[in-house]
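Student: Line order of the protein sequences matches chains W and B. Under the numbering used here, think of the first position of the first sequence as 1, with each following residue one higher. Under the numbering used here, think of the first position of the second sequence as 1, with each following residue one higher.
Derived by calculation from the structure, the hints in this document are not laboratory data. Worth double-checking, as some hints may not be accurate.
Dumping the calculated DSS-like pairs for lysine-lysine here, alpha-carbon to alpha-carbon at most 27 angstroms [as the list claims (entries may be wrong)]:
1. W:20 with W:74
2. B:163 with B:174
3. W:74 with B:46
4. B:310 with B:209
5. B:289 with B:276
6. W:20 with B:163
7. W:74 with B:163
8. B:276 with B:209
9. B:276 with B:310
10. B:276 with B:174
11. B:289 with W:74
12. B:209 with B:174
So the derived list for chain W, only partly shown, Cβ under 8 angstroms to chain B, looks like this [stated by the list, open to error]:
13. 25
14. 29
15. 33
16. 66
17. 70
18. 76
Which chain W residues stay away from chain B? Per the calculated CB distances, all over 12 angstroms, these [as the list claims (entries may be wrong)]:
19. 28
20. 83
21. 100
22. 102
23. 103
24. 104
25. 106
26. 108
27. 134
28. 162
29. 166
From the three backbone atoms N, C-alpha and C, an ideal C-beta is built for every residue, glycine too.
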Amino acid sequence: MADVSLNGHVHTITALVHDKPGVLARVAGLFSRRGFNISSLAVSRSETAGLSRMTFVVVGGDWVVEQVTKQLYKLIDVVRVTNISTESSVMREMALLKVKSDKDNRAEIMQIVDIFRAGIVDVGKDTVIVEVTGDEEKIDALIQLLQPFGVRETMRTGRIAMTRGGVAAGTKQTAVPAAENAPDTEVVP
Amino acid sequence: MFGLPGGAILPLYQTLPEYPQLRHILVRHEQNAGHAADGYARASGKVGVAIATSGPGATNLVTPLATAMMDSVPVVAITGQVPRAAIGRDAFQETDTTGITLPITKHNYLVMDTADIPRIISEAFHIARTGRPGPVLIDLPRDVLTDSADFDYPEHVNLPSYKPTMEGNGRMIKRAAQLIADSQRPLMLVGHGAIISGAFAEVREVAEKAQIPVITTLLGIGSFSGEHILSMGMPGMHGQAYNNWAIDRADLIIGVGMRFDDRVTGRLSAFAPNAKVIHIDIDPAEVGKNVRVTVPIVGDAKRVMHALAKQVEQVSRPEWIAEMDALRAEHPLHPGQGKGLRPQHVVRELCEVTDGRAIVVTGVGQHQMWAAQHYVFKEPGSWITSGGLGTMGFEVPAAMGAAFAQPNRQVWSIAGDGGFQMTMSELATIVEHNVPVKFAILNNGNLGLVRQLQDLFYGGTRVASGYTGNPDFVKLAEAYGIWAKHVADEPQVRAALEEAAAVDGPAIIDFHVEPEENVYPHVPAGESVFEMIESPAGQEALSWLT
Numbered sequence: 001m002a003d004v005s006l007n008g009h010v011h012t013i014t015a016l017v018h019d020k021p022g023v024l025a026r027v028a029g030l031f032s033r034r035g036f037n038i039s040s041l042a043v044s045r046s047e048t049a050g051l052s053r054m055t056f057v058v059v060g061g062d063w064v065v066e067q068v069t070k071q072l073y074k075l076i077d078v079v080r081v082t083n084i085s086t087e088s089s090v091m092r093e094m095a096l097l098k099v100k101s102d103k104d105n106r107a108e109i110m111q112i113v114d115i116f117r118a119g120i121v122d123v124g125k126d127t128v129i130v131e132v133t134g135d136e137e138k139i140d141a142l143i144q145l146l147q148p149f150g151v152r153e154t155m156r157t158g159r160i161a162m163t164r165g166g167v168a169a170g171t172k173q174t175a176v177p178a179a180e181n182a183p184d185t186e187v188v189p
Numbered sequence: 001m002f003g004l005p006g007g008a009i010l011p012l013y014q015t016l017p018e019y020p021q022l023r024h025i026l027v028r029h030e031q032n033a034g035h036a037a038d039g040y041a042r043a044s045g046k047v048g049v050a051i052a053t054s055g056p057g058a059t060n061l062v063t064p065l066a067t068a069m070m071d072s073v074p075v076v077a078i079t080g081q082v083p084r085a086a087i088g089r090d091a092f093q094e095t096d097t098t099g100i101t102l103p104i105t106k107h108n109y110l111v112m113d114t115a116d117i118p119r120i121i122s123e124a125f126h127i128a129r130t131g132r133p134g135p136v137l138i139d140l141p142r143d144v145l146t147d148s149a150d151f152d153y154p155e156h157v158n159l160p161s162y163k164p165t166m167e168g169n170g171r172m173i174k175r176a177a178q179l180i181a182d183s184q185r186p187l188m189l190v191g192h193g194a195i196i197s198g199a200f201a202e203v204r205e206v207a208e209k210a211q212i213p214v215i216t217t218l219l220g221i222g223s224f225s226g227e228h229i230l231s232m233g234m235p236g237m238h239g240q241a242y243n244n245w246a247i248d249r250a251d252l253i254i255g256v257g258m259r260f261d262d263r264v265t266g267r268l269s270a271f272a273p274n275a276k277v278i279h280i281d282i283d284p285a286e287v288g289k290n291v292r293v294t295v296p297i298v299g300d301a302k303r304v305m306h307a308l309a310k311q312v313e314q315v316s317r318p319e320w321i322a323e324m325d326a327l328r329a330e331h332p333l334h335p336g337q338g339k340g341l342r343p344q345h346v347v348r349e350l351c352e353v354t355d356g357r358a359i360v361v362t363g364v365g366q367h368q369m370w371a372a373q374h375y376v377f378k379e380p381g382s383w384i385t386s387g388g389l390g391t392m393g394f395e396v397p398a399a400m401g402a403a404f405a406q407p408n409r410q411v412w413s414i415a416g417d418g419g420f421q422m423t424m425s426e427l428a429t430i431v432e433h434n435v436p437v438k439f440a441i442l443n444n445g446n447l448g449l450v451r452q453l454q455d456l457f458y459g460g461t462r463v464a465s466g467y468t469g470n471p472d473f474v475k476l477a478e479a480y481g482i483w484a485k486h487v488a489d490e491p492q493v494r495a496a497l498e499e500a501a502a503v504d505g506p507a508i509i510d511f512h513v514e515p516e517e518n519v520y521p522h523v524p525a526g527e528s529v530f531e532m533i534e535s536p537a538g539q540e541a542l543s544w545l546t
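One chain only, chain W, in its complex shape (with noise of 0.2 angstroms):
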């Protein structure tokens, strides 16, 4: 009998949990003590008042997010776990950069943000912060170019991601089934 398989691709996964004391721990824990690979997590409140929305991005093959998945609907506090690198959707991440400028690159730096579509949002006497959204590759790029002039300090808030189209994240229509073979039992209200 062959082992289940261990190769690796990035996946983004969401988890609507509640929002109580220690969930953070109970889901970072898990991470840590199962061995899965985490690359990125983002939390923030959800439409619905009490629960939280939390951005995975997990590396592994299929047995990783399938673990991960199912170990996630063993927290008490998880309500639901979406797969979103298999739906159409939107991936973003914004971050800070605080780069070295005097007045005589500042032009230099602001014509290279406006190419990136980001923006300046402070000025200080020999250094600028520049605001950028967009997926991974856009804000590395952004950082490369910049770095000559130094990147003094850099703040990312890791992925966030929805589904495209009119339905939530983490509802019937896209929920990873707590039970992979149990399809009709929906584990939500």
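With chain W held as given, fit chain B onto it using these hints.
Tutor: Showing chain B alone in chain W's frame:
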């Protein structure tokens, strides 16, 4: 309820006199309270409760909670905590109990509002005993206990994000029945889930109708009568060798309420190479976790097997059954070397004296494996052992808890001298309540399974596995006022067991067993059936492993 008070939990204790319907047993160590609650839960099928104070009281519950988590046992632990205002300030006897127990509980609560207590208590018991059972901890700051609030106990538990799947998917059950009908060499591997859900009649019906030999995992022992013609015993590292060969030949494995643990499968790539797999488990995360599954069925083992029993066809498989008989004859259980007092002999005699109907509780190590191999259980729910975590010392407090749960059944603790000394402080509690637990200590004066590993895989270099200062267990028993006896010769075994069984109260027999005796078979960790050592003679052939 088993517990030991301290400052932070005292407000709860001081109200106990108002509730005479709650029985509290004062233990000597919080670890033992946890294991006793575990033993109580396994023997009764009800939730066991352990109570401890903050700080060291709570940390002493870590081992029993992890034990209950690994073996899916419904335990509710209630711990005291420093007052809310002191949390996070490193107060006296403060520890982050919910943080520490996060990965070893099914769920836990830090209660910050007195008004939440009724809801949390009802949720905790519900979570502990439903779905795949497990331990739940409730941490109660002292001032949450002394504050007052209106008592409003919810009639129903409202946990929208917790709804265990009970019924198996009908389409999958149909496919499973078809696979069984198509298979020539099916085997059932039945685990703890069958015992928890009480799927005994259903497992038997499927086995008999479709003529499927039944292997029971360490925690599944007792789910299928050991006397049944289709009963095969245990698989894996120390299971009956013929079972591992049978699994190697099978074309279909039906896992029922079990999790394809590494002690069962050995090296996964070599496990059941010719078999398709039907996996029935209530925990979706177990299905597909370790082995590739052809037909996954998530649901309660009893309900799924009930539905499956209706669908499987009546068949006969004379060739496969004959192959099983041949394997059994070819690979019999090693009866012991015949030197000194054989521990296997003690277990066999105990089985006869108790007619295979005692509740048997063990610790972890050689004695546990001999008990699992040689005691033939006639009744379900009679075998209580620490399987997943492998907790030495479990045998003393868990046996006590089991005896409280089943006062009308004989409870025998088959103990090792190592494990017994870890938790024997509970003898005092046993005496206080005249708990009729009988201890059969298989005393070999060493950590037997460690010594065996050193002999087999470390060239016989015995490090830190020998005990030279063991107490005289009979004199120790005398100090507690417990009936006790030494036995060193096989002819005396039966009479001593019968005498102990007749004692009204606890009893200890110190069996001086042959210290060089090994557990066979032995599949080296992470290896396959082909590396299995079946007897002392097999050791030579495998010298390359050392």
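Student: If a hint holds in the structure, say so; if it does not, say that too.
Tutor: Going through the hints against the structure:
A distance of roughly 16 angstroms separates the Cα atoms of residue 20 of chain W and residue 74 of chain W; the hinted pair therefore holds under the 27 angstroms criterion. Simply put, residue 163 of chain B and residue 174 of chain B have alpha-carbon atoms about 24 angstroms apart, close enough for the 27 angstroms limit, and the pair holds. Between residue 74 of chain W and residue 46 of chain B, the direct Cα distance comes to roughly 22 angstroms. Compliance with the 27 angstroms bound is thereby established for this hinted pair. With a C-alpha separation of about 10 angstroms, the suggested pairing of residue 310 of chain B with residue 209 of chain B holds against the 27 angstroms cut-off.
As the CA atoms of residue 289 of chain B and residue 276 of chain B are separated by approximately 15 angstroms, the hinted pair is consistent with the 27 angstroms bound. Note on residue 20 of chain W and residue 163 of chain B: the hinted pairing holds, with a Cα-Cα distance of about 19 angstroms set against a maximum of 27 angstroms. This hinted pair checks out: residue 74 of chain W and residue 163 of chain B have alpha carbons roughly 10 angstroms apart, not beyond 27 angstroms. The hinted pair formed by residue 276 of chain B and residue 209 of chain B meets the criterion: a straight-line CA distance of about 20 angstroms does not exceed 27 angstroms.
For the suggested pair residue 276 of chain B and residue 310 of chain B, the alpha carbons sit about 21 angstroms apart, so the restraint of at most 27 angstroms is met. At roughly 15 angstroms between alpha-carbon atoms, residue 276 of chain B and residue 174 of chain B fall within 27 angstroms of each other, so this suggested pair holds. Restraint check for residue 289 of chain B and residue 74 of chain W: satisfied, since their Cα atoms lie roughly 14 angstroms apart, inside the 27 angstroms limit. Restraint check for residue 209 of chain B and residue 174 of chain B: the C-alpha separation of about 16 angstroms stays at or below 27 angstroms, so the hint holds.
Against a cut-off of 8 angstroms between C-beta atoms, the interface hint on residue 25 of chain W holds, since the closest Cβ of chain B lies about 7 angstroms away. Evaluation of the residue 29 of chain W hint against chain B yields a held restraint, the C-beta minimum of about 5 angstroms falling below 8 angstroms. Nearest Cβ of chain B to the Cβ of residue 33 of chain W: about 5 angstroms, under the 8 angstroms cut. The hint holds. Interface hint at residue 66 of chain W: satisfied, since its Cβ lies 6 angstroms from the closest Cβ of chain B, which is below the 8 angstroms cut-off.
Taking 8 angstroms as the C-beta cut-off, the interface hint given for residue 70 of chain W holds, the closest approach to chain B being about 4 angstroms. At its closest, the beta carbon of residue 76 of chain W sits 5 angstroms from a beta carbon of chain B; the interface hint therefore holds under the 8 angstroms criterion. Not every C-beta of chain B lies more than 12 angstroms from that of residue 28 of chain W, the closest at about 10 angstroms, which undercuts listing it as non-interface. Every beta carbon of chain B lies more than 12 angstroms from that of residue 83 of chain W, the smallest distance being close to 15 angstroms; the non-interface claim holds.
Interface exclusion of residue 100 of chain W from chain B stands, the closest Cβ pair being 40 angstroms apart, more than 12 angstroms. At roughly 45 angstroms, the least C-beta separation between residue 102 of chain W and chain B is larger than 12 angstroms, which holds for a residue marked as non-interface. Every CB of chain B is more than 12 angstroms from the CB of residue 103 of chain W (nearest about 48 angstroms), matching its label as outside the interface. With a cut of 12 angstroms on Cβ distances, residue 104 of chain W stays outside the contact zone with chain B, its closest approach being about 50 angstroms.
Even its closest Cβ contact with chain B, about 46 angstroms, leaves residue 106 of chain W beyond 12 angstroms, as expected for a residue assigned away from the interface. For residue 108 of chain W, the requirement that its beta carbon stay farther than 12 angstroms from each beta carbon of chain B is met, with the minimum near 49 angstroms. Here residue 134 of chain W stays apart from chain B, with its beta-carbon at least about 33 angstroms from theirs, past the 12 angstroms limit. Against the 12 angstroms criterion, residue 162 of chain W stays outside the reach of chain B, whose nearest CB is about 21 angstroms from its own CB.
Listed as a non-interface residue, residue 166 of chain W keeps its Cβ farther than 12 angstroms from every Cβ of chain B; the least gap is roughly 23 angstroms.
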